[in-house]
Amino acid sequence: MKNYLFNFFLWWYLINGRKIFEGMIANWGYSLESLKIVPMLNNFFMPLFQDYTWEGKLIAIPFRFIWVIFGLLFQFVYSILLIFVFVVYLLIPFIPFVIIIYNFVK
Amino acid sequence: MKVLSGKETISSKIGDRVLTINWDYLASELGARKELEDFEKAVGIFLRALALLFLIIANIIPLIKQEWYLLNFVKFDNISGWLSFFAIIFITYSYYLLRNRDSYNDNYKADTLFDLSGELKDKKNKKEIELTNYFDHDFLGILDDVLASEPENFLSFLLERLLPLEKVQMVIPRLGLDVNAFYEMQNRLSLEKNTHTDIWLKKVIYESFLVALNDEFEKVDELSVFIFMCKDPLKQILLNFDIQEQEVTALEAWVKNHFLREKYKKIFEKRATLKPISSVNRGYTTRYCPNLEKYSQDYTAQVAKSNYLFSIGREQELEKLISSVQSGDSSATLVIGEPGVGKTTFLKSLAVLMVAEDVPKTLQDKRLVNFEFMKAYALSENIEEFKKIVEKVFEEVNNTGNIILVLEDFDQLVNARSQFASEVVGLVIKAIDNYKIRLIATTNQEGYARNIANNKALVSLFDLLYIEEPSDAIAVQILFDELDRFEQRYQVKVEFEALTRAVELSHEFDFDRVLPDKALELIDETCSNATLKGLTFISEHDVENIVSKKVGVNVGEISASEQKTLLSLEDKIHTRIIDQEQAVTAVASALRRARAGLSSDKKPIASFLFFGPTGVGKTELAKAIASEFYGDEKLMIRLDMSEYQEAENLKRLIGEANNDEFTGGYLTDAVRKKPYSLILLDEIEKANERVLDLFLQVLDDGHLTDGLGRKVRFNNTIIIMTSNACSNLIADLITEGKKYIDVYRAVSPQLRNVFRVEFLNRFDKVIMFKPLLPLELLQVSKLLMEQEKSTLKEKGIELLYSEQVLNELIEEGYDPVYGAREMRRVIQDNVEDKIAKLIIEKKLGSGQIVKLKGLEEIEII
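Going down the list, the sequences are from chains A and B. All you need for the numbering used here is the position in the first sequence, starting with 1, plus 61. All you need for the numbering used here is the position in the second sequence, starting with 1, plus 775.
Some hints here could point you the wrong way.
As the list claims (entries may be wrong) - Below 30 Å or equal to it, Euclidean Cα-Cα: the simulated DSBU-like pairs (lysine-lysine) are:
| no. | chain 1 | residue 1 | chain 2 | residue 2 |
| --- | --- | --- | --- | --- |
| 1 | B | Lys1041 | A | Lys97 |
| 2 | B | Lys1045 | A | Lys97 |
| 3 | A | Lys80 | B | Lys816 |
| 4 | A | Lys97 | B | Lys1038 |
| 5 | B | Lys1136 | B | Lys1041 |
| 6 | A | Lys118 | B | Lys1050 |
| 7 | A | Lys80 | B | Lys1136 |
| 8 | A | Lys167 | B | Lys840 |
| 9 | B | Lys1513 | A | Lys97 |
| 10 | B | Lys899 | A | Lys80 |
| 11 | B | Lys1050 | A | Lys97 |
| 12 | B | Lys1006 | B | Lys809 |
| 13 | A | Lys97 | B | Lys1080 |
| 14 | A | Lys97 | B | Lys1136 |
| 15 | B | Lys1347 | B | Lys1513 |
| 16 | A | Lys97 | B | Lys1211 |
| 17 | B | Lys1069 | A | Lys118 |
| 18 | A | Lys80 | B | Lys1050 |
Keep in mind that the hints were calculated from the coordinates and are not lab data. Keep in mind the model is a prediction, meaning the values are calculated, not measured.
When you get a sec, could you build the whole thing from the sequences and use the hints?
As structure tokens, this is what we get:
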């Protein structure tokens, strides 16, 4: 008979944990890309739609600035969410132990 | 069986890296690995169901008692708390029990061959490779079973275990067989010797590993084992089922492509959701292009909207295209390929890579847009307007900066014959010189030669990229890829052999077109034809039938009636040709060889040099061959080589391109139109040396390149050249009573004075025709008189003649130099003329009998 409990933890943290972590990073990157924050920063001083008039130049910077701020804000919230989900994943196997300890102490 | 335990290092290596097999691990479950897995999965499902039940009960009870609160599962002081507690444990554990076993084995490893092929590129890494880490769980289960039971007949055991597996079942129909055929093979394997585990186990493990590594699989799975089985132990048995080695290779290539594409498609689909499909790029730095938007197709947007199209076997060209397009601030690439070779698909493959952003940085976040200038031309009121549009489009592309401009059929835009050509060429040159513009233009060979190549300034701006016709193997894969489309449209099932046959046979008649287009159309035609007949299954014979109808020659299996004809070919020819045994036998056997598929595909079906006196049946034999082999005497291309005595005449044979004028060649055009025909070249000794050189190539390689650079294939032609060389000598020697073989020997050195040895050597057979002796001439005269008889019969006149007439004809017409030709003249003078006179004088008419007792004695009844 194999050590099913040991194998479980090994799989949960090393194998599946790694997979979930990789998936999380991919999702984080996907979100960053769909928010177009990096291209906005790269072209920060470029006018929108190649409108090189002074009005065009004037409007571009605040537009991009606001875009980047809101984008980063969203990305930050999203990151917190992802981290929370991952931490929950890591903690799930311990919930039964916590409950036992809680009842024992009580 | 030798004891297999511990970790064994096998003798083969990959690079510098040692390979090991961990037998202990493979044998650890004592043959119960599969059952254990199934058991675990069953327990997992059970636990999940139980957990669900527990959760429901744990919440219903407090709800009824109206004591429900969120955290009641943390307390053990009531039944709900206990139930919730176990539900959490069960759900968590069931998640583990139902894990995806493809990406995780019990060795705690999640290694894939993708990682390994990456590692192998790192030369410094010398870690040993443990093969078992890369096995998928199905294969592990089989090996575990093998090690526990040590089957006497390992191969049969292995095949039996492989056949029910999903991936194997998926590829079997691709070989044109069904699973039962493989069970039959398994039965045959079980009767074979030398299939013991000792001999095969390590070999199967190692070779399947290599297959999986080379074909870029994720793991060594059932498919890699199955492919190895087909390549090696099953090879002989597969031959009995008419599956050749190359079909297995094609299958392997298909499997490799299929899974790689599936993998790439997944990545692509995810990336496609991120690709902006409007004209605006990610940084909002582009400008709207009103003129271009009006007359264009956005390839990247099309592809991103899940229109996934990717060329097969064009990796190198694609790499070249990308490196050419991304070079410098502006670039111009001219893609040259025949229509139907897949240029648009090729460009859409670039679009796929661009959507997946799998391209160098300079090409990222850009669009691939096809400017449909023909549409713009059609919608413009006059040429000035059109030029303005073209100019504006270039300007817009320059300004917006995120567009790679495609001009398909570029030769149409710069067509030298059109009025605006020079001005448009000027615009293009100006745009490439002055603007930052990335341009991909496409054209075909002919368009390039006619409209582009002669404009040096234009050509020098472009990087040329040739898209060659794909090889047959690649074309089969492309057909494979398109197969679903046909099967759905026509509701038929297409056999694998039908595809390979379609590719092979498409070469036989469609010279102007290229693969894969012509093969696709052949399959299309076969499918639609099958639907009309109510067939639901398409085999290679259906394709053959279609092609046979097209070319007028049977290309499929030899039917019973055809078999009869082929076996009695000599007799059939002899009804037209008197004597000339050697020639008739040589020709008949060459035709049989060709029909049996034993002659080379790349050379003409047969090539003969007939030499000897005139009027002995050389041309008649050629006609007989055309009618027997191609089914019609008219399928003969006859050229009198005395017209090609000068070197300049060569152009008349193969055609020439003169600026934008093109004159087709007599020979090349005729063969392109009628690829299945006999080519008769009369009086070859009179042709110019350079003309003979041309035929050296035809006889050797089976093809010619015509004046416009098009390849003309001669592999379905029979080439016969006739010559009167040495006829006097032959006539003298034969009259002296020498035997055929002696005369041939005596004449050969003389023949070498007329033709070069390398020329004579190219023929399948050099055949001497001997002059007709009086006795043979008698038969000829009889043959000719019979012909006369049948001509008159059509007019309702019956002709009767006596032996005396024939004898008199011989007396009058025997001439060893002119042979049968003289006889024909004599019959004309003495028989035809007289009868004609009688008909005109109205002495002879329909329903009457004309009786010839002698040449001078004519009686009308």
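Now for the hints, and whether the structure bears them out:
1. A distance of roughly 22 Å separates the Cα atoms of B/Lys1041 and A/Lys97; the hinted pair therefore holds under the 30 Å criterion.
2. Only pairs whose Cα atoms come within 30 Å are accepted, and B/Lys1045 paired with A/Lys97 is accepted, the gap being roughly 16 Å.
3. Our distance criterion of 30 Å between C-alpha atoms is met by A/Lys80 and B/Lys816, whose separation comes to about 21 Å.
4. Only pairs whose Cα atoms come within 30 Å are accepted, and A/Lys97 paired with B/Lys1038 is accepted, the gap being roughly 26 Å.
5. A hinted pair counts as satisfied when its Cα atoms are at most 30 Å apart, and B/Lys1136 with B/Lys1041 qualifies at roughly 22 Å.
6. Distance check on the hinted pair: A/Lys118 and B/Lys1050 sit about 26 Å apart at the alpha-carbon level, within 30 Å; holds.
7. Pair hint A/Lys80 plus B/Lys1136 holds up; C-alpha atoms about 29 Å apart against a cutoff of 30 Å.
8. A threshold of 30 Å between alpha carbons decides the hint, and for A/Lys167 with B/Lys840 the separation of about 24 Å falls inside it, so the pair holds.
9. For a cut-off of 30 Å, the pair hint linking B/Lys1513 to A/Lys97 is broken: about 97 Å separates their Cα positions.
10. The straight-line distance between the Cα atoms of B/Lys899 and A/Lys80 is roughly 28 Å, inside the 30 Å bound, and the hint therefore holds.
11. With a C-alpha separation of about 11 Å, the suggested pair B/Lys1050 and A/Lys97 falls inside the 30 Å cut-off, and the hint holds.
12. For the suggested pair B/Lys1006 and B/Lys809, the alpha carbons sit about 27 Å apart, so the restraint of at most 30 Å is met.
13. For a cut-off of 30 Å, the pair hint linking A/Lys97 to B/Lys1080 stands: about 20 Å separates their Cα positions.
14. A hinted pair counts as satisfied when its Cα atoms are at most 30 Å apart, and A/Lys97 with B/Lys1136 qualifies at roughly 16 Å.
15. With a C-alpha separation of about 28 Å, the suggested pair B/Lys1347 and B/Lys1513 falls inside the 30 Å cut-off, and the hint holds.
16. A hinted pair counts as satisfied when its Cα atoms are at most 30 Å apart, and A/Lys97 with B/Lys1211 qualifies at roughly 25 Å.
17. Distance check on the hinted pair: B/Lys1069 and A/Lys118 sit about 28 Å apart at the alpha-carbon level, within 30 Å; holds.
18. The suggested pairing of A/Lys80 with B/Lys1050 holds, with an alpha-carbon distance near 26 Å, which does not exceed 30 Å.
The structure fails hint 9 only (numbered hints given earlier).
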